[in-house]
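Spelled out, the chains give:
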Amino acid sequence: MKISKYISSSIGKKQIIAFSGLVLIAIFILPHLLGNLQILRGAQAFNGYAKLLHSMGFVLEIIEAFFALMFVVHIVFTIILVTENFRARSIRYKSAIASEPRSFASRMMPYTGAIILLFLVVHLYDFAFAKEAATSCVWRGEDLGLYGMVMNSFANPWRLGGYAFIMLIVGLHLSHALQSALQTLNLRPGRYVFWFNLLSYFLGISVTVGFVSIIIYAVVH
Amino acid sequence: MGKKLALTLKIWRQESNKAKGKFETYKLKDIDTDASFVEMLDVLNEELALAGKQPVAFETDCREGICGCCGAMVNGHAHGPQRETTLCQLHMRLFENNDTIIVEPFRAKAMPLIKDLIIDRSSLTRIIAKGGYVSVRTGSAPDANSILIRKENAEAAMDAAQCIGCGACAAACPNAAAMLYTAAKVSQLALLPQGHPEREKRVSEMLTQMDKEGFGNCSNSYECEIVCPKGISVTNIARLNKEYLRALLN
Ligand code: FES
Chain A
1 MKISKYISSS IGKKQIIAFS GLVLIAIFIL PHLLGNLQIL RGAQAFNGYA KLLHSMGFVL
61 EIIEAFFALM FVVHIVFTII LVTENFRARS IRYKSAIASE PRSFASRMMP YTGAIILLFL
121 VVHLYDFAFA KEAATSCVWR GEDLGLYGMV MNSFANPWRL GGYAFIMLIV GLHLSHALQS
181 ALQTLNLRPG RYVFWFNLLS YFLGISVTVG FVSIIIYAVV H
Chain B
1 MGKKLALTLK IWRQESNKAK GKFETYKLKD IDTDASFVEM LDVLNEELAL AGKQPVAFET
61 DCREGICGCC GAMVNGHAHG PQRETTLCQL HMRLFENNDT IIVEPFRAKA MPLIKDLIID
121 RSSLTRIIAK GGYVSVRTGS APDANSILIR KENAEAAMDA AQCIGCGACA AACPNAAAML
181 YTAAKVSQLA LLPQGHPERE KRVSEMLTQM DKEGFGNCSN SYECEIVCPK GISVTNIARL
241 NKEYLRALLN
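Residue numbers (our numbering), protein chains in the order written: chain A, 1 to 221; chain B, 1 to 250.
Everything labelled a hint here was simulated from the structure, so no lab data went into it. What you were told as hints is all true, and nothing was included just to trick you.
Below, simulated DSS-like cross-link-like pairs (lysine-lysine); rule was C-alpha separation at most 25 Å, straight line: (1) B:Lys115 x B:Lys212; (2) B:Lys10 x A:Lys94; (3) B:Lys53 x A:Lys94; (4) A:Lys94 x B:Lys18.
Predicted model, so just to flag it, every value in this text is computed and none were measured.
Kindly produce the complete structure, drawing on both the sequences and the hints.
If you want it as structure tokens, here you go:
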């Protein structure tokens with residue numbers, strides 16, 4: 001089979017989405033969560049982590065470019081897939097169609113994905129590009145660098161609520177993502193389906209809980 | 001004889017593919033709870049015919065759940081609310097007196113409506129025509145145990161072969177994908193030695209046809225598995241995914 005045929009086929013597209021998604025979970029979301037959780041260990045630990053990232057310089061840039069590529073692939077192929085799927089039922093059902101509760105996260109994937117994308121843009125603008133504007137780093141009269149910036153941004157209740165909401169959405173997205181990607185790449189052998197589904201929910205919940213715990217920390221302090 | 005039911009039916013009526021359709025309401029009395037769903041429709045049609053009206057067009061053949069002709073959305077469920085049951089094997093005892101039952105045809109662009117509840121499923125046949133068979137000479141029946149097949153594989157192939165091609169999977173899929181159908185047809189052959197010589201060509205061409213027909217892409221909602229009257233599992237879809245990747249790599 002030619003690679004072009006594979007890429008344009010429904011399974012090819014799915015597998016590309018699944019693969020890029022798995023890569024993003026493994027090398028973006030999980031390390032990002034672990035890094036952010038350093039905040040729970042205080043200003044020094046967190047700023048140390050930020051410094052470590054900056055010290056990587058060129059290497060970090062390559063990694064970031066790879067993230068960007070994976071995101072673009074994931075998003076572009078999803079958009080193609082979703083439009084095709086929409087067209088595949090040009091005449092919709094006129095009566096209410098029963099659907100299984102377990103497929104809720106699946107049916108929401110394009111929407112949760114779109115919300116996450118919007119958040120990503122805002123988030124990049126906030127942290128990665130806006131660098132450390134001196135004033136926003138001052139927390140309780142002390143310049144605490146990136147740590148101060150995070151604490152300041154959570155002082156705004158809108159931001160705080162918004163962030164918590166987005167993390168719920170991310171959790172919902174991931175709870176379907178992992179098991180779905182494994183199914184698509186046939187890495188979910190029949191006999192272990194139950195455990196892989198459980199693992200997928202566990203991933204979704206722990207990512208939400210992990211990120212939200214940072215908010216709780218910020219509120220408490 | 002069972003109990004008798006009075007029912008309100010809302011059935012999708014549409015003269016042809018191009019015509020505009022709408023739900024028509026019918027009242028039925030004295031429907032035996034031992035009747036099947038399609039027998040209940042027969043009763044309705046008899047009444048309509050006697051009243052000089054057009055009977056509801058619907059498709060059935062075997063009426064014993066093995067041919068895959070029948071099928072419609074009943075109260076939002078493909079083949080009705082009972083699991084692993086075709087419409088013709090759905091019995092009226094499942095319903096209560098004075099129930100309202102909504103009946104709508106299966107909808108997918110690749111399975112266009114012909115009339116009322118009848119749809120054109122030749123797209124599914126065209127997928128089969130692209131490789132859902134074995135074209136090597138198999139000769140006469142081999143001696144027992146001369147070709148060894150693992151018990152698990154034999155069972156899984158038989159399970160996949162149960163597909164009757166009714167199209168409920170595509171009808172219930174939020175993306176109108178015929179993935180469970182194609183997966184079953186590819187699996188039943190991929191699991192057996194007879195299917196191996198044409199393995200890569202089969203999966204590649206059947207999938208191309210599936211895409212060409214305008215079915216959607218599977219997004220692992222697994223609604224298909226719930227409505228499949230033959231209980232075909234989505235592990236077959238994982239197998240199809242693997243077979244396709246295998247065809248790319250070989
Ligand atoms: S009529 Fe043959 S399966 Fe229902």
